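Just so it is clear: in the sequence shown, position 283 is 282 by numbering that gives the first Met the number 0, and no numbers are missing.
Derived from the structure by calculation, the hints contain no laboratory data. Honestly, I wouldn't trust all of these hints.
BS3-like mimics (lysine-lysine), calculated; alpha carbons at most 30 Å apart, straight line [as the list claims (entries may be wrong)]:
id : residue 1 : residue 2
1  : Lys-121   : Lys-366
2  : Lys-121   : Lys-77
3  : Lys-365   : Lys-327
4  : Lys-422   : Lys-476
5  : Lys-460   : Lys-422
6  : Lys-327   : Lys-228
7  : Lys-121   : Lys-228
8  : Lys-422   : Lys-449
9  : Lys-395   : Lys-22
10 : Lys-68    : Lys-22
11 : Lys-311   : Lys-327
12 : Lys-196   : Lys-125
13 : Lys-395   : Lys-311
14 : Lys-196   : Lys-68
15 : Lys-422   : Lys-395
16 : Lys-460   : Lys-412
17 : Lys-430   : Lys-412
18 : Lys-378   : Lys-327
19 : Lys-460   : Lys-449
20 : Lys-412   : Lys-449
21 : Lys-179   : Lys-246
22 : Lys-412   : Lys-467
23 : Lys-196   : Lys-179
24 : Lys-432   : Lys-378
25 : Lys-366   : Lys-378
26 : Lys-365   : Lys-378
27 : Lys-378   : Lys-422
28 : Lys-445   : Lys-395
29 : Lys-432   : Lys-395
30 : Lys-445   : Lys-365
31 : Lys-460   : Lys-445
32 : Lys-412   : Lys-395
33 : Lys-327   : Lys-395
34 : Lys-22    : Lys-365
35 : Lys-476   : Lys-432
36 : Lys-121   : Lys-246
37 : Lys-68    : Lys-395
38 : Lys-196   : Lys-246
39 : Lys-246   : Lys-365
40 : Lys-445   : Lys-467
Quick caveat, the model's predicted, so the values are computed rather than measured.
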Amino acid sequence: METIIRNTDILNTGVFVINNDRKDFHPFNHYNSLFLTQERNSSLKNEILRIINEATSVLKICSFIITDKEIFNAILNKAKESQIAVFVLTQLDQDKLKNDLSLIDFITEEEIKENPAQIHIKFIRKLYDNGIHVRASLSAHSKFIVSDRTNGFITSANFTTPSLTFNTESGVYLDENSSKQLDRLFDVIFLQGTTFKQFLGTRKKGKMLVVQTEATINSDLLPVPSQSKLRYTCESYENNLLNEIIKVIDEASDYIYLSAYSVVGLNSLPNLIQSLKSAIGRNVPVSLFCRGMNYRNDHLSGVSELVEIGCKVYADVYNHSKGVINEKTGLIFTANIDGNHGLTNGFEVGYILNENQRIEFLDFHKKLIETSFYVYDSKPTRNELFQTYIAYEMIKGLNAPVFPQNLILSFNKTLNLNLEELKSNIIFYGKSKDSEFLVMGNSYLKCRIKENVIQIIESVKPRFDLEKYVLKFFELKISDNQ
0 METIIRNTDI
10 LNTGVFVINN
20 DRKDFHPFNH
30 YNSLFLTQER
40 NSSLKNEILR
50 IINEATSVLK
60 ICSFIITDKE
70 IFNAILNKAK
80 ESQIAVFVLT
90 QLDQDKLKND
100 LSLIDFITEE
110 EIKENPAQIH
120 IKFIRKLYDN
130 GIHVRASLSA
140 HSKFIVSDRT
150 NGFITSANFT
160 TPSLTFNTES
170 GVYLDENSSK
180 QLDRLFDVIF
190 LQGTTFKQFL
200 GTRKKGKMLV
210 VQTEATINSD
220 LLPVPSQSKL
230 RYTCESYENN
240 LLNEIIKVID
250 EASDYIYLSA
260 YSVVGLNSLP
270 NLIQSLKSAI
280 GRNVPVSLFC
290 RGMNYRNDHL
300 SGVSELVEIG
310 CKVYADVYNH
320 SKGVINEKTG
330 LIFTANIDGN
340 HGLTNGFEVG
350 YILNENQRIE
360 FLDFHKKLIE
370 TSFYVYDSKP
380 TRNELFQTYI
390 AYEMIKGLNA
400 PVFPQNLILS
410 FNKTLNLNLE
420 ELKSNIIFYG
430 KSKDSEFLVM
440 GNSYLKCRIK
450 ENVIQIIESV
460 KPRFDLEKYV
470 LKFFELKISD
480 NQ
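All chains, full assembly: derive it from the sequences and hints.
Written out as structure tokens, the structure is:
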């Protein structure tokens, strides 16, 4: 039996493709109340450093991960050179730190390349050793700073070099009352919601022993949403952040703009999906801006579900900013559109924007969409995908392997290869130190490649240590060995 897949074939799955109608990108440097990270725009990092340097009595910092050396040194020097009390709240989930790729739901691919787990542990240990009050939980994904108890700042950015150099990120100041409530929330989590409160160094490089304890939060101490514009998720105790996102969608009459890094786990967010369906049903246009991750099946699946209900989806290569805006109100937050982490569990924060912030956040979203590198296409050709990936690889500076344009894929009939999966999915070429693979959806096939022939050896379990590239071709002829 012989099957032929051509580059002109229509994919049976939607993907992000190049947006041919996009406008030229220029940094958005004209905002007064919205601080950004973009290519050639470092206003967000500059503001974070300014807050750290200008604190006069107490400094409280929450970040999922800390690997940026300049931010780390600013925190360390602030504690060394002043009498200011410095507190750092972060995460130390062993399951996330033992394998960098397990962090993909929480940090970007650029951050993963930094060896973040080891750098994070090293920095946290050094902060602790220098008298900074450091505690960690299993699920702190929030990113914010409170200086002197009344100056609060929320951002989408992790305190990493990619997030503060070229990822698309955003941040805003809170009003004084909401800042006080954020300060209170920090204290409750720091004192009652952290499981790692003591850190013990070892002689092994990059290793740190931690003392883990049980964490029980008195929910009566948590901020009351009606008392400020702060919104948050706190494990199973409170998820008023999700409720506020839904409220913004439900109250929209003219438009809805959403932004997120990823869109996953929507089966756990039925109320959010129903809210979006209702908005579209009353003719409110919904536009989503996210990161165009064609290499994440869960993200493509989530985006596809939103497109099916009527959302328009745009993306770029670097987005990590999150928020929702309608014609009356806006909300910036640290969570992704993720039913697995953040909106229903974990620790995330958000803030209802004032009118000036809303106007600038709205303009930010409009410009992101106008200049978006990608648009989601439900029925693209393979060649459109290939051209998109060629552009993506150029942007990322990837040296992708080149194969003959006409390929033959050969396999033993006993392997029971799923031909429909081959025809309907993006086919990736993956390599480890000593082996080569084809990856389609959840299928991983170890292979041997010689000239234009790909010989499938065996089906293997999913691997998380592979360099992956889209397999590009004019024609892929598939035949089983009799």
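The hints, checked one at a time:
Restraint check: the Cα-Cα separation between Lys-121 and Lys-366 comes to about 38 Å, which exceeds 30 Å; the hinted pair is violated. The straight-line distance between the Cα atoms of Lys-121 and Lys-77 is roughly 18 Å, inside the 30 Å bound, and the hint therefore holds. Between the alpha carbons of Lys-365 and Lys-327 the distance comes to roughly 16 Å, so the proposed pair stays at or under 30 Å and holds. Straight-line distance between C-alpha atoms of Lys-422 and Lys-476 comes to about 11 Å, which keeps the hinted pair within the 30 Å bound.
Distance restraint check for Lys-460 and Lys-422: the Cα-Cα separation of roughly 21 Å lies within the 30 Å cut-off, and the hinted pair is therefore satisfied. The hinted pair formed by Lys-327 and Lys-228 meets the criterion: a straight-line CA distance of about 15 Å does not exceed 30 Å. Simply put, Lys-121 and Lys-228 have alpha-carbon atoms about 35 Å apart, too far for the 30 Å limit, and the pair is violated. Proximity of Lys-422 to Lys-449 is assessed by CA-CA distance (about 22 Å); at most 30 Å being required, the pair is judged to hold.
At most 30 Å may separate the alpha-carbon atoms for a hinted pair to count; Lys-395 and Lys-22 meet this at roughly 20 Å. Between Lys-68 and Lys-22 the CA atoms are separated by roughly 34 Å; this puts the pair beyond 30 Å, and the hint is violated. Annotation: proposed proximity of Lys-311 to Lys-327 holds, straight-line Cα distance about 21 Å (limit 30 Å). Taking the CA atoms of Lys-196 and Lys-125, the gap is about 15 Å. The hint holds against a cut of 30 Å.
Restraint check for Lys-395 and Lys-311: the C-alpha separation of about 26 Å stays at or below 30 Å, so the hint holds. Taken as a hint, the Lys-196 and Lys-68 pair is honoured in the structure, with Cα atoms around 23 Å apart against an allowance of 30 Å. Distance restraint check for Lys-422 and Lys-395: the Cα-Cα separation of roughly 27 Å lies within the 30 Å cut-off, and the hinted pair is therefore satisfied. A threshold of 30 Å between alpha carbons decides the hint, and for Lys-460 with Lys-412 the separation of about 19 Å falls inside it, so the pair holds.
A hinted pair counts as satisfied when its Cα atoms are at most 30 Å apart, and Lys-430 with Lys-412 qualifies at roughly 24 Å. Proposed proximity of Lys-378 and Lys-327 is contradicted: the alpha carbons are some 35 Å apart, above 30 Å. Restraint check for Lys-460 and Lys-449: satisfied, since their Cα atoms lie roughly 23 Å apart, inside the 30 Å limit. With a CA separation close to 20 Å, the supplied pair Lys-412 and Lys-449 stays within the 30 Å bound.
About 24 Å separates the Cα atoms of Lys-179 and Lys-246, which keeps this hinted pair within 30 Å; it holds. Only pairs whose Cα atoms come within 30 Å are accepted, and Lys-412 paired with Lys-467 is accepted, the gap being roughly 26 Å. Restraint check for Lys-196 and Lys-179: satisfied, since their Cα atoms lie roughly 24 Å apart, inside the 30 Å limit. The suggested pairing of Lys-432 with Lys-378 is violated, with an alpha-carbon distance near 35 Å, which exceeds 30 Å.
At roughly 26 Å between alpha-carbon atoms, Lys-366 and Lys-378 fall within 30 Å of each other, so this suggested pair holds. At most 30 Å may separate the alpha-carbon atoms for a hinted pair to count; Lys-365 and Lys-378 meet this at roughly 25 Å. Taking the CA atoms of Lys-378 and Lys-422, the gap is about 13 Å. The hint holds against a cut of 30 Å. For the hint linking Lys-445 to Lys-395, the alpha-carbon distance of about 26 Å falls within 30 Å, and the restraint holds.
A hinted pair counts as satisfied when its Cα atoms are at most 30 Å apart, and Lys-432 with Lys-395 qualifies at roughly 21 Å. Pair hint Lys-445 plus Lys-365 does not hold up; C-alpha atoms about 44 Å apart against a cutoff of 30 Å. As the CA atoms of Lys-460 and Lys-445 are separated by approximately 10 Å, the hinted pair is consistent with the 30 Å bound. With a C-alpha separation of about 38 Å, the suggested pairing of Lys-412 with Lys-395 is violated against the 30 Å cut-off.
Between Lys-327 and Lys-395 the alpha-carbon distance is near 38 Å, which puts this suggested pair outside the 30 Å criterion. Only pairs whose Cα atoms come within 30 Å are accepted, and Lys-22 paired with Lys-365 is accepted, the gap being roughly 11 Å. The hinted pair formed by Lys-476 and Lys-432 meets the criterion: a straight-line CA distance of about 27 Å does not exceed 30 Å. At most 30 Å may separate the alpha-carbon atoms for a hinted pair to count; Lys-121 and Lys-246 exceed this at roughly 41 Å.
Note on Lys-68 and Lys-395: the hinted pairing holds, with a Cα-Cα distance of about 22 Å set against a maximum of 30 Å. Between Lys-196 and Lys-246, the direct Cα distance comes to roughly 37 Å. Violation of the 30 Å bound is thereby established for this hinted pair. Pair hint Lys-246 plus Lys-365 holds up; C-alpha atoms about 21 Å apart against a cutoff of 30 Å. The straight-line distance between the Cα atoms of Lys-445 and Lys-467 is roughly 13 Å, inside the 30 Å bound, and the hint therefore holds.
Checked against the numbered hints given earlier, the structure breaks hints 1, 7, 10, 18, 24, 30, 32, 33, 36, 38 and satisfies all the rest.
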